[in-house]
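J.: One-letter residues, chain by chain:
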Amino acid sequence: MAKTQLDEVNRNIYDIKNKDNYDYKIKKGLTKEIVEEISKQKNDPDWMREIRLKALETYNKLEMPTWGPDLSELNMDEIATYVRPKSKLNSSWDDVPDDIKNTFDKLGIPEAEKTSLAGVGAQYDSEVVYHSMKDELLKQGVIYTDMETAVREYPDLVKNHFMKCVPISDHKFVALHAAVWSGGSFVYVPKGVKLDMPLQSYFRLNSPESGQFEHTLIIVEEGASLHFIEGCSAPKYNKVNLHAGCVELYVKDNAYLRYSTIENWSKNMLNLNTKKAICGKNAQVDWVSGSFGSRISMLYPMSILNGEGAKTEFTGISFAGKGQNLDNGFKAIHNAPNTSSVVNAKSISKNGGKCTYRSLIRITENAKGSKSSVSCESLMLDDFSVSDTVPTNDIRTDDVEFSHEAKIGKISDKTIFYLMSRGLSEEDAKAMIVRGFAYPISKELPVEYAVEMNNLINLELEGAIG
Amino acid sequence: MKGMLLNETPVRTSKNFNINDITIENTEVADTINEFNNVTISEFGSKIMLNEEIEKFELKYGLNEFLTNQVNKSANFKANIVVDSKTNKDIKVDFKFDKKNRNLVDAINIVANDGTKSTIVIKYDSDEEVNAYHNGIIKTIAGKQATLNVIVVNFLNNKSTNFLAIDNCIEDDANINYYIIDFGGKTSVTNYYSNIKGKNADSRLNTLYIGSEEQLIDLNYIGELFGEKSNINIEVQGALKGKARKHFKGTIDFKTGCKKATGNENENCILLSDTARSLALPMLLCSEEDVEGNHSTSSGKIAEKELFYIMSRGFKLKEALKLMVRAKFNKILEEIKDDDLKAEILEQIDKRID
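Here the protein sequences line up with chains A and B, keeping their order.
Each residue of the first sequence is one higher than the one before, counting from 1 in our numbering.
Each residue of the second sequence is one higher than the one before, counting from 1 in our numbering.
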């Protein structure tokens, strides 16, 4: 009997390869000399060079994870950790070299900038090649620039926040990131400033056998508000590429930050990214995440609710197809009274893909009156895919309301029957169910990303469910 | 023994979450296991053969190698229980720890032959003063169309150590229903594994736990579904007071081929003090499409509105708390048909919540 067919992500646009045409590519491997050379190439101040070298020491001391997907195929001796493209940082798309500009054109970035964004950053391999923001935001004191410029021009702000939210010793790939980071975005939203339109940074890795280690640092001051969008993609090569970015978010008292991500790395990518947010009193951070690409992904954004009344929401979907092992999830630490977290995670596994939802909710002794609600649902589309749910719930005080629920299953025959009895064809019924499954996530995405997600999940349904 | 590692989960998660396994510090493990004589056995028609050689237990999980070996090599109580009558048979095995019987290492092998129905109650109780040590393995096999109910009752005092490993194998159309009443032991660690291999095989596990003072309760429950249309239900209700800690690790694993299998897991922890700690890892692992799996966990204190309602009817706070705990536990308690045992459990709930 024919099976439900759900096409994997259509990668036509994302798999366009440009010639590996770089200005400088560091030799493969990870040694003190290489880290020093990256620091020299980037003209780091001394304090940043010291952080890099300390991080390398930490990297060498830390073990590989003893849990989650098998990372044995990662060989740092085969990865070039810094690739400088043949482009300087530009503030006009006209100045960006044609091959790079064409790539971003096809990804729709300049068009989105014109219609729906307050600012855009575009990174190609290890360096940001384009950064721009609307003038009115500049006048309000908003800073949106690449990290290298921030290190140079706002050293105190960066020094006080860089690798403080995510400590270097957090895990091995954070230490790696701190040693070889390059590129990324820095955002500072002053007290009380509310941005009506989002800022977006797009990260594109073109060079084979290389890594991307961008650092995103966002500070949203008291009472301010920001929506930040992060997109990422890469063409597919035969050998492993590595992404070990780091995102540090500081959401001060009464501030709001929404951080949306559509991750569509190629299927030779190991995506070992780290994201954390620290929330002040009555602050809120919302994460919206779509994870479609990568061979292996280990990504667990974390909200640390340090201020009384702080809130966080996580809304995420993962789609694992052939050869993919997406180990994603969320962590929330409730560290203050009356904090709350809401998690809504979904996953779809097909064609031998594996999705794992892995999470931690910790409500500490200080977090009296806190609430947490977690829901995760997994859809299996064939009998040789895998879907696991591995949530940890650590409750350390009595005055809490905590609940967690999870479901695993296939598309229900009864539901299809019901919809067909209402006049829908079998294909339309199935399409409606899968879109309905993903809807709680897609409705949270910016419109252009929601459309992109619907295009990515291109349904091709035939025959009955087996 | 210093730093004994046990109860490892089938799938590892981040080391920082501190739940993959448990290290018990300074466990007093008796070197010499002397005789244990204070045991009462009531049998009603089934065959129970005591102190015969039992085939060495080979456990897929178990608590750890050391504790499994201790049972295999040094058990001071061995029982082979074979249920072979098709009418309902009950057996009660009642262990009472006292000054002369401090250490029990028991190996219990239960075979419910095809089509039989039976209930076996195994109770561990202790004098208040004795520092008891219990390490046991219960292996249960249910043949085709057999129904086997096993009720394990741990009423040990809060100074004692309790280690228990359970290993099930369930054939076509058979049921094994476990009820674990886990109230005692300064440290109480249980490993439960169910191999649900038969078509329409059904595994049910109902647990009640209460932790008080500085008790540590570690529960590692694993159900693997292989058979078509097989099912597992895990229902865990508990209450923690004082500085008690509970680790619940529940895994439902749908293996390829278990088409139309179902699995449900629910864990609810009532927190009766702000120093108690509840850690839970309810896992669903799935490599078969045509299944339905659900799990849910919840933790929190008893709602003030509910307490207020009961207290407005003239009950004191402690009585109201006891009533609420009893009410939460009732779903499982009402399935226990032995009224005397049920009364004993209720008495223990009141005593331990007091």
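Misleading hints may appear alongside valid ones.
Unchecked claim - Here are the simulated lysine-lysine pairs, DSS-like style, with alpha carbons at most 30 Å apart:
hint : chain 1 : residue 1 : chain 2 : residue 2
1    : A       : Lys407    : B       : Lys197
2    : A       : Lys267    : B       : Lys328
3    : A       : Lys54     : A       : Lys139
4    : B       : Lys99     : A       : Lys354
5    : B       : Lys15     : A       : Lys322
6    : A       : Lys407    : B       : Lys15
7    : A       : Lys322    : B       : Lys197
8    : B       : Lys78     : B       : Lys255
9    : A       : Lys61     : A       : Lys159
10   : B       : Lys99     : A       : Lys410
11   : B       : Lys255    : B       : Lys301
12   : A       : Lys267    : B       : Lys99
13   : A       : Lys407    : B       : Lys328
14   : A       : Lys414    : B       : Lys260
15   : B       : Lys255    : A       : Lys311
16   : A       : Lys407    : B       : Lys99
17   : B       : Lys99     : B       : Lys117
18   : B       : Lys260    : A       : Lys368
19   : B       : Lys99     : B       : Lys60
20   : A       : Lys371    : B       : Lys305
21   : A       : Lys371    : B       : Lys328
22   : A       : Lys159    : A       : Lys322
23   : B       : Lys78     : A       : Lys172
Hints listed in this document are in silico derivations from the structure and should not be mistaken for laboratory results.
J.: Starting from the hint list further up, note which numbers the structure goes against and sort them upward.
T.: 2, 3, 4, 8, 10, 11, 12, 15, 16, 17, 18, 19, 22 and 23
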